[in-house]
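Visitor: These are the residues of each chain, in order.
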Amino acid sequence: MALLEVRNLSKRFGGLWALKNVSLDINDGEILGIIGPNGAGKTTLFNCITGYYRPDSGKVVFQSRDITGLPPFKIAQLGIARTFQLTKAFNNLTVLDNLRIAALSRGTSLNEVLEVIKLVGLEGKRNSLASSLTILERKRLELARALVIKPKLLLLDEVMAGLKPHEADELLDVVLRINKSGVTIAIVEHVMRTIKKVCNRVVVLDFGVKISEGPPEEVIRDEKVIKAYLGEEFVA
Amino acid sequence: MKSLKLNRIIPITLILLIGYLIPIIQLPPYIMHVLILVIMWAYLSTAWSILGGAAGQLSLGHATFFGTGAYTAYFLTVWFGLPPLTNLLVSGLTASLLSVVIGYPCFRYGLRGVYFTLATIAFTEIMKDLFIYLRELTGGSLGVWMPVLPEGIITLYFLGKEAYYYVITTLYVVLMIIINLMGRFREYLTAIREDEDVSASIGINVTRYKLLALMISSFFVGVGGAYYICYFRYINPYVAFGLDTSLQMVLIGIFGGMYSFWGPLIGSVILTPIGEYLRITLGGTYVGSHLLIYGLLLILIIRFLPKGIYSILESVYSKYLVRGG
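Protein sequence lines correspond, in order, to chains A and B. Letter 166 of the first sequence, counting from 1, is numbered 166 in our numbering, and no numbers are missing. Letter 322 of the second sequence, counting from 1, is numbered 322 in our numbering, and no numbers are missing.
Keep in mind the hints are simulated off the structure, nothing from the lab. Hints are not guaranteed to be accurate.
[Stated by the list, open to error] Only part of the chain B face toward chain A is listed, based on derived beta-carbon distances under 8 Å:
{"#": "1", "residue": "Arg184"}
{"#": "2", "residue": "Glu187"}
{"#": "3", "residue": "Asp195"}
{"#": "4", "residue": "Val198"}
From the three backbone atoms N, C-alpha and C, an ideal C-beta is built for every residue, glycine too.
Please build the complete structure, drawing on both the sequences and the hints.
Guide: Right under this line is the structure:
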């Protein structure tokens with residue numbers, strides 16, 4: 001069953017189609033990978049789903065409710081959480097305060113907040129200022145903040161980018177554990193390796209158009225995908 | 001936990017006691033006048049800091065609400081003969097209503113940062129020109145005088161300074177109590193100040209809370225304007241809607257510490273008497289020279305104490321008092 005349906009979504013910036021007639025489903029309980037080269041429209045897709053951008057046409061339906069054009073805070077309250085590709089945080093507050101405030105609007109208890117901190121592995125940094133965190137820790141904070149609002153659907157925007165392989169693996173474990181606890185996840189990634197590890201299904205975007213969809217092993221053999229990533233001459 | 005609470009209650013009680021008992025020592029009227037100014041600017045700056053400090057929306061146009069409050073109080077008293085005491089409230093509400101008219105389009109359509117600041121300045125200028133232009137209604141640039149009324153708390157007309165002092169001190173205390181009761185709302189404002197996109201992503205209705213902060217802030221500034229005209233008995237558009245008036249709230253806030261409860265009071269205790277002294281000693285010969293000293297102080301503060309004078313007190317306080325208790 002589809003938890004989130006995207007239908008014929010389009011978004012233009014001037015003469016550029018960032019998204020063109022994109023349709024996809026995110027099924028209940030799965031980890032969906034969304035991949036594509038730079039500028040393929042992956043982040044735009046997330047921004048359209050979460051209300052940061054208003055799509056020019058098309059529909060986003062979450063749990064059979066049309067959420068197209070709703071403001072971001074309302075979509076968050078409905079149960080869609082997101083992380084930001086370029087990490088953002090309440091920089092002058094501690095990690096705990098960041099999450100405590102995030103917990104307020106959804107009535108998450110302090111104990112649950114502490115559990116999330118433990119889950120993402122930020123226990124030692126609880127009382128550090130967000131501005132003092134390393135990249136890896138900031139990504140963990142992004143993840144924690146999204147979790148604290150108890151989402152049904154979690155949209156992860158390149159949470160692995162910029163991490164060393166063993167760091168990425170650590171974070172992947174966390175993502176898998178979150179999924180096991182019943183949260184549906186859509187994950188935007190650049191790196192095929194991470195996608196292959198965790199995703200049951202992959203959607204490929206290129207220049208704002210969906211060019212392929214299926215299990216990761218099949219998708220990476222798709223001619224169109226290889227062309228998009230590597231160029232014409234690599235197609236066997 | 002208990003000792004921590006006690007550590008908060010003791011200084012608050014002390015400040016309250018000192019504040020209310022000062023008039024008993026029979027100070028000369030001019031000193032009382034300066035004290036009234038100190039509390040009045042602390043009050044206005046605290047009200048401004050709800051939006052400018054807590055919510056991080058730098059308004060350089062709070063004179064809009066100050067002037068609206070002052071003129072509303074005047075109109076209600078002179079045209080309708082309503083009692084000035086309750087006019088304080090109505091003036092606050094009028095200012096608050098106007099703030100929605102200005103703030104909603106700004107916040108709804110995402111006027112952020114300097115653009116919001118410029119809009120606030122523009123609205124103040126519009127109000128000033130409007131009040132100068134509509135001479136028949138507003139008295140134009142000559143300003144308006146409050147009539148002489150029977151003395152008493154209902155008319156807010158007193159012959160001595162002490163009563164005016166008690167009124168503004170009480171207004172300040174009420175404001176502080178309300179700010180202390182904000183709880184969760186204050187946390188949302190902190191979130192919005194830190195990052196609006198993140199705030200939205202965790203389900204905070206950024207537009208609504210910014211608007212609420214603006215409404216509360218302008219309500220109290222409007223009440224302050226109404227108090228001003230009751231005390232000074234006179235106002236003109238250049239004071240009511242002057243950039244100086246807006247800046248005074250902002251400077252005192254930044255100087256004392258606009259993110260803290262007590263910052264504006266500290267800022268006003270230091271800056272207002274300095275301003276008054278300089279105005280008297282230099283003002284006649286070198287007009288506006290007190291602003292020079294203000295500017296210099298402000299540069300020093302922003303460079304060395306970005307969180308204001310309050311941050312010194314805070315660190316001293318947590319070092320010696322909390323540890324001791």
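Visitor: Confirm or reject each hint.
Guide: Quick rundown of the hints versus the structure:
1. Annotation: interface hint on B/Arg184 holds; nearest CB of chain A at approximately 6 Å, less than 8 Å.
2. Here the hint on B/Glu187 is kept, as its CB sits about 5 Å from the closest CB of chain A, short of 8 Å.
3. Hint on B/Asp195 holds. Least Cβ distance to chain A is approximately 5 Å, under the 8 Å limit.
4. Evaluation of the B/Val198 hint against chain A yields a held restraint, the C-beta minimum of about 5 Å falling below 8 Å.
This entry satisfies every hint, going by the numbered hints stated previously.
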